[in-house]
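K.L.:
Read off the chains here:
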Amino acid sequence: MNTYHLQYFSLLGDFTKKSCETLTSKASTPSELYAEIEALYSFSHGKDNFRVAINDEFGEWNSVLNDGDNIVFIPPVAGG
Amino acid sequence: MNTYHLQYFSLLGDFTKKSCETLTSKASTPSELYAEIEALYSFSHGKDNFRVAINDEFGEWNSVLNDGDNIVFIPPVAGG
Amino acid sequence: MSNFLISAKAIEDIDIVEKVSTRQSGGYVIFDGRVRDHNENRDVTHLQYQAYEALAVKEGERIIAEAFEKFNIHKVFCVHRTGDLQIGDSAVRLIVSAKHRGTAFDACEFIIDELKIRVPIWKNEHYTDGSSGWVECHECSKHAHHHKES
Amino acid sequence: MSNFLISAKAIEDIDIVEKVSTRQSGGYVIFDGRVRDHNENRDVTHLQYQAYEALAVKEGERIIAEAFEKFNIHKVFCVHRTGDLQIGDSAVRLIVSAKHRGTAFDACEFIIDELKIRVPIWKNEHYTDGSSGWVECHECSKHAHHHKES
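Chains as they are written, first to last, in numbering that gives the first Met the number 0: chain E, 0 to 79; chain F, 0 to 79; chain C, 0 to 149; chain D, 0 to 149.
Any given hint could be a false lead.
As the list claims (entries may be wrong) - Calculated pairs, DSBU-like style, for lysine-lysine (alpha carbon to alpha carbon, straight line, at most 35 Å):
| id | chain 1 | residue 1 | chain 2 | residue 2 |
| --- | --- | --- | --- | --- |
| 1 | D | Lys-8 | C | Lys-57 |
| 2 | C | Lys-18 | C | Lys-57 |
| 3 | D | Lys-69 | C | Lys-115 |
| 4 | C | Lys-74 | D | Lys-8 |
| 5 | D | Lys-18 | C | Lys-98 |
Unchecked claim - Where chain D lies over chain C, by a calculated footprint (3+ residues, C-beta under 8 Å):
| id | stretch |
| --- | --- |
| 6 | 12-24 |
| 7 | 27-33 |
| 8 | 85-98 |
| 9 | 104-117 |
To be clear, the hints were calculated from the coordinates, so they are not data collected in a lab.
The beta-carbon is built from N, C-alpha and C at its ideal position, and this holds for glycine as well.
Could you put the whole structure together from the sequences, leaning on the hints where they help?
P.N.:
Structure follows, in structure tokens:
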């Protein structure tokens, strides 16, 4: 089991009603962790067009996560 | 003989040492009037790349001028 | 000093010109993006911007570094709002200085185009009927797809 | 009110944004052309601009009218200096508002490009060696040729 620090932005903040949290999880990739969040908060939005950040850098959905990583799922952006 | 009101800009102001004047002339086109100015002020710059304005509108070098017209010879511009 | 800033306060008060002025620069191009009163045929009353600041600043600075590689420019400064904005408020201001205007225009447009599809900032629009929603720009969806497929 | 102005006074003091603000406009693009300290490898100390104001304003307004025909924009304002300018002073400021940024960029660049070759304004540059000279931009020479030949 690893500990992950998550921040929630945009519609993920709406789904989770949180801006951040720390989770203990057996997920070892962002993909697995995202599926776990969907189940935990009972939403099913999928992650098409989403990206993921690991420790404040863009990462891959199948990157291997380490204990204590900061994870952010990034819905389609709309700055400017 | 017609009377023309002239304004001089850019290097034409340097050549004539004037910003404007009223001339009595037998020139009937801007081309003829320009040649007269060159002779009058002893310069020979030619009017390649110049344009001409008649009564505050762009005109042609061979337009027929009328008594009292305002004439401006327009050297290459450099705004902006 | 970073030349990409996320600001929770009004950016109208920031003197962005001073940040990029040089004696060598003849052309300054500014993009000022403001909240407009409609989007895709819906009437907008106000909105909120949210930013993932740590990554937004990194990605913003990367885009600016790319602009310096591509274009012969002197200086760049960019600031993007977070928080509550009203119609007419500036959401983003970007300024580029260069010797000549052409490169300043090209670099300014490049940076704002990339910012819109790459920088993690989100916009929640509120409509006259009381509803609200997170905006997905079509360009950035395409961009994410492209990343996944490549 | 005219949206093309010739000004003998500093244009830094004019609030150009206020002149084109609309609630429908999301994109504002500004071009700010300033005096730089060199031109074609010569060191510039200061300069003077001269304008044939009556025709400059007419031609400036024609260019803006053409921009409205070509681009889907909301408002335009342009002001050009005359008189003595120092390094760093603004010689011209131009602002375009539009719903979207792309049209604002395109219209702003179109207007300043046309202004430079068509509007009767002249620049006398003073150099560090004490000499001075009227600047001929290469584009406008070509433009005049084109007019003559066509």
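K.L.:
Confirm or reject each hint.
P.N.:
Hint check results:
Proximity of Lys-8 of chain D to Lys-57 of chain C is assessed by CA-CA distance (about 42 Å); at most 35 Å being required, the pair is judged violated. Restraint check for Lys-18 of chain C and Lys-57 of chain C: the C-alpha separation of about 19 Å stays at or below 35 Å, so the hint holds. For the hint linking Lys-69 of chain D to Lys-115 of chain C, the alpha-carbon distance of about 25 Å falls within 35 Å, and the restraint holds. Under the criterion of a C-alpha separation no larger than 35 Å, the hint pairing Lys-74 of chain C with Lys-8 of chain D is consistent with the structure, at around 27 Å.
Among the hinted pairs, Lys-18 of chain D with Lys-98 of chain C is consistent with the structure: their alpha-carbon atoms are about 27 Å apart, no more than 35 Å. Counting residues of the stretch 12-24 of chain C whose CB lies closer than 8 Å to any CB of chain D gives 5, which reaches the minimum of 3, so the coverage claim holds. A stretch counts as covered by a chain when three or more of its residues have a beta carbon under 8 Å from one of that chain; for the stretch 27-33 of chain C and chain D the count is 7, and the coverage holds. Counting residues of the stretch 85-98 of chain C whose beta carbon lies closer than 8 Å to any beta carbon of chain D gives 3, which meets the minimum of three for the stated coverage.
Note: the stretch 104-117 of chain C has 4 residues with beta-carbon separation from chain D under 8 Å; the three-residue rule is met and the coverage holds.
Going down the numbered hints, you'll see the structure goes against just number 1.
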